[in-house]
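*Asks:* The task is simple: from the sequences and hints, build the whole structure.
Chains A and B supply the protein sequences, listed in that same order.
Note that the first sequence covers residues 28 to 215 in the working numbering.
Note that the second sequence covers residues 37 to 450 in the working numbering.
To be clear, the hints were calculated from the coordinates, so they are not data collected in a lab.
Treat the hints with care, since some could be wrong.
Chain A stretches covered by chain B per the calculated footprint, using a threshold of three residues with CB under 8 Å from any CB of chain B [what the hints assert, rightly or not]: (1) 47 to 54; (2) 57 to 66; (3) 85 to 91; (4) 159 to 166.
Partner residues are not named here, just some residues of chain A that face chain B (Cβ under 8 Å, in silico) [unchecked claim]: (5) E77; (6) T82; (7) L147; (8) R198.
Owing to the predicted nature of the structure, the values given are computational and were not obtained by experimental measurement.
The beta carbon of each residue, even a glycine, is placed where N, CA and C say it ideally should be.
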Amino acid sequence: MGATLVDMGAQDRRHDRSDKDADFSAYMSARQPALYRTAYLLAGDHAGAEDLLQTAFAKLYLSWDRIRDREALDGYVRRIMVNENNSLWRRAWKRREHATDTMPETGALDTYDDGMGGILWSFVQTLPPKQRSVVVLRYYEQLSEAEIADVLGISVGTVKSQASRALAALRARAPQSLDPHASGDDAR
Amino acid sequence: MSPTPLEDQVRDALHGAADPLQRTPFTVTDVHARARRIQRRRRAAAGAAVAAVLAIAVPFGVDMVGPTTRSDVPPATEPPAPRVTGTVRIDPRSAPVSEELAEPLLDLDGQRLIVDGEDVDLPRLYDQLTPYADGWIGINFIDPKNEGAVGVQVLGPDFEVLDEAAPTSHLAVSADGSRIAWAEYDGDRWVLVDRDRDGAREERRTPLAPGPQDGRVRPVGFLPGDAVLVSILDAGTGQESASVVGPDGSTTPLPGSLRVGSASEVSGLLTVQTRFTGDGSCWQVRDAGAGGAEVWRTCDYSLLGFSPDGRHLLGFTDYLTPEGSPTLAILDATTGERVVDFELTGSRTDVVGINPEVAWEDDGTVVAAVVTGGQQYVVRLGLDGTVERIGGEAVDVEPGEVRLMLAAPDVMQR
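*Replies:* Written as structure tokens, this is what we have:
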């Protein structure tokens, strides 16, 4: 017996779904390690990074069919992560129920602690979320100010002022360690 | 422009922290599961979730009463509310779904105000928001590292900031919404600020005795004769004392409390916690008009939230957890007699809780946010034992999490 129109429609939908899943899966496999690193810099700890990236991938999956430009996928994920991270930050202090005795994991330096860099990284994590986002996008992702403005949904002028404030805060937090003339021992 | 040494150092620091990481912590299946969860949440937030299924929470023996309104009539002239026998179970999943809620809600996740069934994106997060003049008055957080530090903002109709002060307390809003009060610290002392909602009357500012900022003052509620009940924290002991601030600026202490609960601007009654009992607490209803004399006491409930007509009072479990209370009783405010008992359903392993920051919608119904089964709902509870779920607002929450809050609750314990 031949397939009915209804059966054929269902088959088409299954086929489309299968293609979508295969494409998404390939993208995720290829990009997860790199995007995880960005997530880690934004969140400051592994638990937060995993949550951030998983949410970003989930939202990407839900929007997969609407994104025509496959070159733009990384930017899409970054934008979600940045926005989500700012929101997560807000939630963290917003919800009084989460005021626990245990502090969240921060400054996980399990892979990296060579003194100056480790100290600077720990200071980056104390920046307000939007400033930290600008710093990560600018100095890790190497995005231009216009690209950062696009990701964050703010003006280029605001990107500049946020970056400037972030650098000033880092300089103020650790004037000794950031003095280029200071010795490594002093910096530690 | 060439990078400065500091910029180079920051770049190196970020690469040093991230480059060694080679993590792929989750699978496509994990992502699909998260995507389904997000979809569910979006549907719920859009109001598409769950059609009304009949269910019921009206117990045997209940006498139905008609709709009630906020009343100007003193309690003594009203007949007593019928008692509801048995415990009414609150099961939001199966309760009848009601029309949209008149009391605005705050969605903390989406930074939204939900009012009259419509969502309004907020330009910033607010912990409390109430209509004022042509716009709003809101309480926002001023320090991300200090959850207790809040400030007040006077806002225009589009939430543009017209005026602000910090640090302040949360707001107390009168039962009919016509009066709003908060306390702000001026560097030497806390000052009680009392305004009319229509903005017509000039604000009344009452400086309290000089003291430290951590000796926090909060307006608890309004009392007859334009008086305001305030609580004053002793930062050393963690105990709160009650004081009545009169319209002439006088301050009358009402000693003998550990915590100050609520006040009725109709009856002049107020509630205070008087004892800890290890795993519970004891509370008293007192009469501000009689110098704070005790009216009745209980060790069965935490007493919070008078009805607008002053006749009823809410009793939560005697010890509140962060999730709130699994039960809620509506009591006769003058005798302590129980009118109706509600209990929130949930499995034995479920976290369940009624957030005590509730609002009386009128003299006979209370609106509360409840958590059960990993979801948060808003329910309307009636003096007559009815339970309704406010349509379209069930959202996923993690244990201990609150996502939906009443924007201007009648009970505010912060």
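*Asks:* Which constraints among the numbered hints does this structure fail? Numbers only, ascending.
*Replies:* Failing hints: none at all.
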